[in-house]
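Colleague: Residue numbers (our numbering), protein chains in the order written: chain Z, 47 to 486; chain A, 11 to 449.
Simulated from the structure, these hints should not be mistaken for laboratory data.
The reader is advised that the hints may include incorrect statements.
[Unchecked claim] Label pairs and their computed distance ranges (CB to CB):
{"no.": "1", "chain 1": "Z", "residue 1": "C280", "chain 2": "A", "residue 2": "D125", "range": "30 to 38 angstroms"}
{"no.": "2", "chain 1": "Z", "residue 1": "N245", "chain 2": "A", "residue 2": "Y401", "range": "35 to 43 angstroms"}
{"no.": "3", "chain 1": "A", "residue 1": "D191", "chain 2": "Z", "residue 2": "K285", "range": "56 to 64 angstroms"}
{"no.": "4", "chain 1": "Z", "residue 1": "S198", "chain 2": "A", "residue 2": "L136", "range": "55 to 63 angstroms"}
{"no.": "5", "chain 1": "A", "residue 1": "L411", "chain 2": "Z", "residue 2": "K271", "range": "24 to 32 angstroms"}
{"no.": "6", "chain 1": "Z", "residue 1": "K285", "chain 2": "A", "residue 2": "L371", "range": "37 to 45 angstroms"}
{"no.": "7", "chain 1": "Z", "residue 1": "K274", "chain 2": "A", "residue 2": "I62", "range": "39 to 47 angstroms"}
{"no.": "8", "chain 1": "Z", "residue 1": "N245", "chain 2": "A", "residue 2": "D125", "range": "44 to 52 angstroms"}
{"no.": "9", "chain 1": "Z", "residue 1": "Q327", "chain 2": "A", "residue 2": "E81", "range": "40 to 48 angstroms"}
{"no.": "10", "chain 1": "A", "residue 1": "G234", "chain 2": "Z", "residue 2": "K271", "range": "38 to 46 angstroms"}
{"no.": "11", "chain 1": "Z", "residue 1": "K311", "chain 2": "A", "residue 2": "N76", "range": "38 to 46 angstroms"}
The beta-carbon is built from N, C-alpha and C at its ideal position, and this holds for glycine as well.
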Amino acid sequence: MRLQNVISNRRPEFAQIGKYQALRVSHQGRLANVDPNTVDIIIVEDESTLKAILKNDVLYLKPLFYIGDTRKECDGTFNVDAPHQIVSKVDVLTKAIEEYADLDLPSDPSDRLLTKVLRYLISRKKVLKPINTRLSSIGYSFPVIEDMSIESNPLHIIKHLNAFSSQDYFSRQPIDKINICYDCNSSYLNFSECCTKCNSLDLKTEELVHHFRCAYVGPQSDFMKDEKLICPKCDHQLKHIGIDYDKPSEIHTCKSCNHSSQETKMKAKCVDCCKENELEQLVTYDIHEYRPTEKAVAKSLESTKAQSFGIQSEEEHDLLTNYGAFNMIKSHEAKRQSIANTSTFEMIMSVEDKILNGLNEGMQMAMLQELASIIKPYLKHNDLIALDRDRNINVLLIDYTSQENEVIQDTLHYNLNKMLMDNGWSNHEIISITSRSIKE
Amino acid sequence: MTPVWEYFLPDYISYWIAAGIPKFVRIFWYFVIFELTRYISIDFLIAFYFKITEKRRSKKWMTARNKLFAENPLISIIIPGKNEGPHLFKLTKSLAEQTYKHFELIIVDDGSNDDTPTIGKNLERLGLIHTFLRNEMRGGKASAANLALRYSKGKIVVHLDADCSFDCDAIENIIIPFYMDDKIGAVGGNVKVRNYRDSLCAKLQAIEYLKTVSIGRIITSTLGIYKIISGAFGAFRMDVLDKVGGWDIGPGLDGDITVKIRKSGYKTVFSPTAICLTNAPSKFKVLTKQRLRWDKSIIRFRVRKHKDVYFPHQGFSWSNFFALFENVFYNVVLDLTWWIYIIDMVLNYSSSLDFIIYMNLTLYFCVGFVQMTSIYIFSERRKEELYLWRYLPLMSLYTGLYLRFVRSRAYIDEWFFRKSYDDPWNPVKSSSQAKANGF
Ligand SMILES: [Zn+2]
Ligand SMILES: [Zn+2]
Ligand SMILES: [Zn+2]
Numbered sequence: 047m048r049l050q051n052v053i054s055n056r057r058p059e060f061a062q063i064g065k066y067q068a069l070r071v072s073h074q075g076r077l078a079n080v081d082p083n084t085v086d087i088i089i090v091e092d093e094s095t096l097k098a099i100l101k102n103d104v105l106y107l108k109p110l111f112y113i114g115d116t117r118k119e120c121d122g123t124f125n126v127d128a129p130h131q132i133v134s135k136v137d138v139l140t141k142a143i144e145e146y147a148d149l150d151l152p153s154d155p156s157d158r159l160l161t162k163v164l165r166y167l168i169s170r171k172k173v174l175k176p177i178n179t180r181l182s183s184i185g186y187s188f189p190v191i192e193d194m195s196i197e198s199n200p201l202h203i204i205k206h207l208n209a210f211s212s213q214d215y216f217s218r219q220p221i222d223k224i225n226i227c228y229d230c231n232s233s234y235l236n237f238s239e240c241c242t243k244c245n246s247l248d249l250k251t252e253e254l255v256h257h258f259r260c261a262y263v264g265p266q267s268d269f270m271k272d273e274k275l276i277c278p279k280c281d282h283q284l285k286h287i288g289i290d291y292d293k294p295s296e297i298h299t300c301k302s303c304n305h306s307s308q309e310t311k312m313k314a315k316c317v318d319c320c321k322e323n324e325l326e327q328l329v330t331y332d333i334h335e336y337r338p339t340e341k342a343v344a345k346s347l348e349s350t351k352a353q354s355f356g357i358q359s360e361e362e363h364d365l366l367t368n369y370g371a372f373n374m375i376k377s378h379e380a381k382r383q384s385i386a387n388t389s390t391f392e393m394i395m396s397v398e399d400k401i402l403n404g405l406n407e408g409m410q411m412a413m414l415q416e417l418a419s420i421i422k423p424y425l426k427h428n429d430l431i432a433l434d435r436d437r438n439i440n441v442l443l444i445d446y447t448s449q450e451n452e453v454i455q456d457t458l459h460y461n462l463n464k465m466l467m468d469n470g471w472s473n474h475e476i477i478s479i480t481s482r483s484i485k486e
Numbered sequence: 011m012t013p014v015w016e017y018f019l020p021d022y023i024s025y026w027i028a029a030g031i032p033k034f035v036r037i038f039w040y041f042v043i044f045e046l047t048r049y050i051s052i053d054f055l056i057a058f059y060f061k062i063t064e065k066r067r068s069k070k071w072m073t074a075r076n077k078l079f080a081e082n083p084l085i086s087i088i089i090p091g092k093n094e095g096p097h098l099f100k101l102t103k104s105l106a107e108q109t110y111k112h113f114e115l116i117i118v119d120d121g122s123n124d125d126t127p128t129i130g131k132n133l134e135r136l137g138l139i140h141t142f143l144r145n146e147m148r149g150g151k152a153s154a155a156n157l158a159l160r161y162s163k164g165k166i167v168v169h170l171d172a173d174c175s176f177d178c179d180a181i182e183n184i185i186i187p188f189y190m191d192d193k194i195g196a197v198g199g200n201v202k203v204r205n206y207r208d209s210l211c212a213k214l215q216a217i218e219y220l221k222t223v224s225i226g227r228i229i230t231s232t233l234g235i236y237k238i239i240s241g242a243f244g245a246f247r248m249d250v251l252d253k254v255g256g257w258d259i260g261p262g263l264d265g266d267i268t269v270k271i272r273k274s275g276y277k278t279v280f281s282p283t284a285i286c287l288t289n290a291p292s293k294f295k296v297l298t299k300q301r302l303r304w305d306k307s308i309i310r311f312r313v314r315k316h317k318d319v320y321f322p323h324q325g326f327s328w329s330n331f332f333a334l335f336e337n338v339f340y341n342v343v344l345d346l347t348w349w350i351y352i353i354d355m356v357l358n359y360s361s362s363l364d365f366i367i368y369m370n371l372t373l374y375f376c377v378g379f380v381q382m383t384s385i386y387i388f389s390e391r392r393k394e395e396l397y398l399w400r401y402l403p404l405m406s407l408y409t410g411l412y413l414r415f416v417r418s419r420a421y422i423d424e425w426f427f428r429k430s431y432d433d434p435w436n437p438v439k440s441s442s443q444a445k446a447n448g449f
């Protein structure tokens with residue numbers, strides 16, 4: 047059961063194209079209850095639905111077409127007047143994704159992401175190529191992986207991709223370098239030269255002129271008289287560059303503080319947050335394109351059933367601990383902590399009341415359980431999750447450093463809220479998380 | 011084998027006893043007329059004068075010093091040069107120790123082809139240099155100094171060489187004289203040789219510097235005819251530099267600007283306590299090259315460019331006349347006279363040349379010691395300089411022969427061939443202009 051399921055239960059439209067069953071989805075909400083076994087092709091008409099499909103763990107590999115002209119990440123455009131044009135392509139794709147039909151996805155979020163991306167790229171024989179876009183804060187977006195990931199920050203995507211590359215799943219090829227704002231990671235920067243002493247932008251740049259016969263050197267303005275170059279020292283007119291005079295260099299004079307220097311300081315002002323970065327402050331990233339390796343092909347075909355060792359069953363009754371038992375363990379942990387030098391934290395996560403109250407009791411349970419299943423992969427496998435009577439999700443983080451505790455709290459807070467907002471639950475953050483050490 | 015002195019010495023002594031005073035003066039007229047007067051009588055007269063005026067001078071000095079520190083004017087220290095990068099950091103350290111603190115440091119890199127630009131820019135970024143200016147195309151020392159001057163904001167400009175180091179009160183002592191007399195337009199510092207332990211060549215120069223710079227300049231300065239402000243360490247009033255248009259094309263631009271300042275009516279003085287140490291060439295080959303350049307500039311500037319000071323005209327001044335005359339006389343005229351002396355000896359005393367040569371050496375040797383004594387009286391670092399005394403005997407060969415030959419060669423080159431215009435010390439573009447315009 048996925049969040050989208052809860053949102054809408056309107057029916058999608060089906061159509062027959064050749065031997066294939068095509069599903070035309072005009073809104074992502076209509077993905078509800080789609081049985082992947084009955085759908086061969088998906089046709090979408092808006093970008094958010096397209097993204098939702100790539101995010102969707104059962105539908106992401108289906109041949110996917112877009113109505114209208116597009117550069118979006120999909121398998122092609124769909125012409126309503128000539129629907130059969132896509133058939134040959136679907137033939138190929140259907141054959142390619144058959145290999146993955148019976149394979150599950152790993153539960154570890156990062157591993158799951160990798161597997162999805164690899165299966166997608168390999169079935170499409172594609173390379174992951176970043177595309178330039180002004181819509182991304184760093185000027186590049188990473189199609190497919192960005193849509194599949196819970197992360198929306200492109201720098202996190204880069205980190206994931208580089209980690210995958212270092213595990214030899216991708217061979218990468220640099221295609222560009224970006225510099226981004228130290229404070230907000232934006233690449234929308236405005237470069238300007240300014241005074242090395244007072245940072246003023248009001249600089250006057252002039253060429254220096256050297257008059258050979260008298261050895262006078264000064265800025266060109268010293269020589270300008272009635273549109274002619276007249277030497278201020280010896281009153282001779284300078285006529286012939288290379289014979290009478292030359293211009294050995296340039297100089298900048300600051301009109302604010304009167305400091306003269308041949309150096310200027312380059313400043314990069316961030317358009318997004320207004321920070322004036324010094325050049326050394328800018329953070330530099332290499333942008334690569336990523337090509338799946340041989341090892342990636344093997345990885346994409348791995349069966350995940352074996353990997354889960356039966357510990358992390360996704361069955362819901364194993365996901366949640368009984369609240370009474372949870373409290374008992376908590377107090378044991380508290381005692382253990384005072385003897386051993388460890389620390390355990392209790393994290394309490396609550397969904398805004400207004401949202402929960404808008405759902406019936408069954409839906410409330412469904413939502414909380416789904417949230418718990420999303421949290422689970424972020425935790426260590428000994429950690430416990432329980433629901434209390436006030437509809438809070440309680441998490442016991444066993445043997446965490448306070449830094450780890452903070453990181454997981456921040457990550458969950460950001461990711462869950464982002465996901466709920468992206469899925470249209472609210473336009474503000476509706477999940478709050480608190481955590482405390484259980485030390486007595 | 012019998013040693014030389016057993017047969018030579020008795021003959022030698024009896025020859026001179028038999029000669030008598032008139033003949034002695036006749037034979038050593040050059041020594042008696044020129045060397046004795048110059049190095050012995052004048053030195054000791056001035057030393058005496060210095061001693062008796064010491065109290066008054068030090069009082070005047072302290073008043074000027076108080077005036078300086080009360081006003082605390084901005085001083086622009088300018089250092090034009092090529093490939094001086096390796097010296098710059100040490101130099102900034104040396105200057106940071108100065109008792110006078112209110113200065114800006116302006117370095118001009120005149121078309122260096124080593125890593126000077128990188129070093130300079132870094133020091134500027136670190137704030138150790140106020141302004142670092144680089145000319146991609148070399149323009150010669152004068153243009154580099156003028157560029158620094160153009161961007162100097164100080165009331166007084168101090169010109170340094172990058173490979174010098176300074177006593178911690180050197181800057182203070184070179185600018186105090188400006189507060190003693192409004193007519194002082196420029197002050198020269200006391201340049202000594204730092205690397206005198208390196209080689210014999212450097213040791214001999216160290217002694218020479220003590221004689222010509224440390225003592226010679228106290229004397230010319232006291233007489234009001236001081237005419238060379240060393241490029242290694244000199245201070246100039248900004249308004250005066252503006253008036254004379256800064257530096258003109260060298261070589262020998264140090265002496266040239268001093269003359270220009272004197273000609274526009276200002277005094278130039280020497281400050282013996284403003285001490286700067288420099289590295290002298292440690293090989294005779296390099297030294298010869300340097301001296302040829304310096305000596306050619308005497309002809310080019312003292313004799314040719316500024317010849318007007320010798321003739322009556324509107325701005326004529328006796329002190330300028332003597333300043334240049336002394337310089338030209340003691341260098342050019344005496345050099346010529348010395349050759350006449352040699353010819354005189356060869357023609358008239360060819361039979362007793364061996365006795366004459368030895369006596370000359372003996373005389374110069376004695377005079378060397380007498381002179382060293384006067385240096386000892388003036389010096390502020392006597393102990394260190396005692397080390398040099400043992401090399402005094404060689405000085406008669408060094409100044410009497412070596413320097414004289416170099417000088418004669420330079421004068422001929424410049425007088426007949428104007429060789430200084432071909433000196434690679436200046437870029438061709440500047441030299442050809444200077445030659446065409448007769449500077
Ligand atoms: Zn400024
Ligand atoms: Zn000119
Ligand atoms: Zn920013």
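Colleague: Which earlier hints can't be squared with this structure?
Modeller: As far as the earlier hints go, 2, 3, 4, 5, 6, 7 and 8 are violated by this structure, in ascending order.
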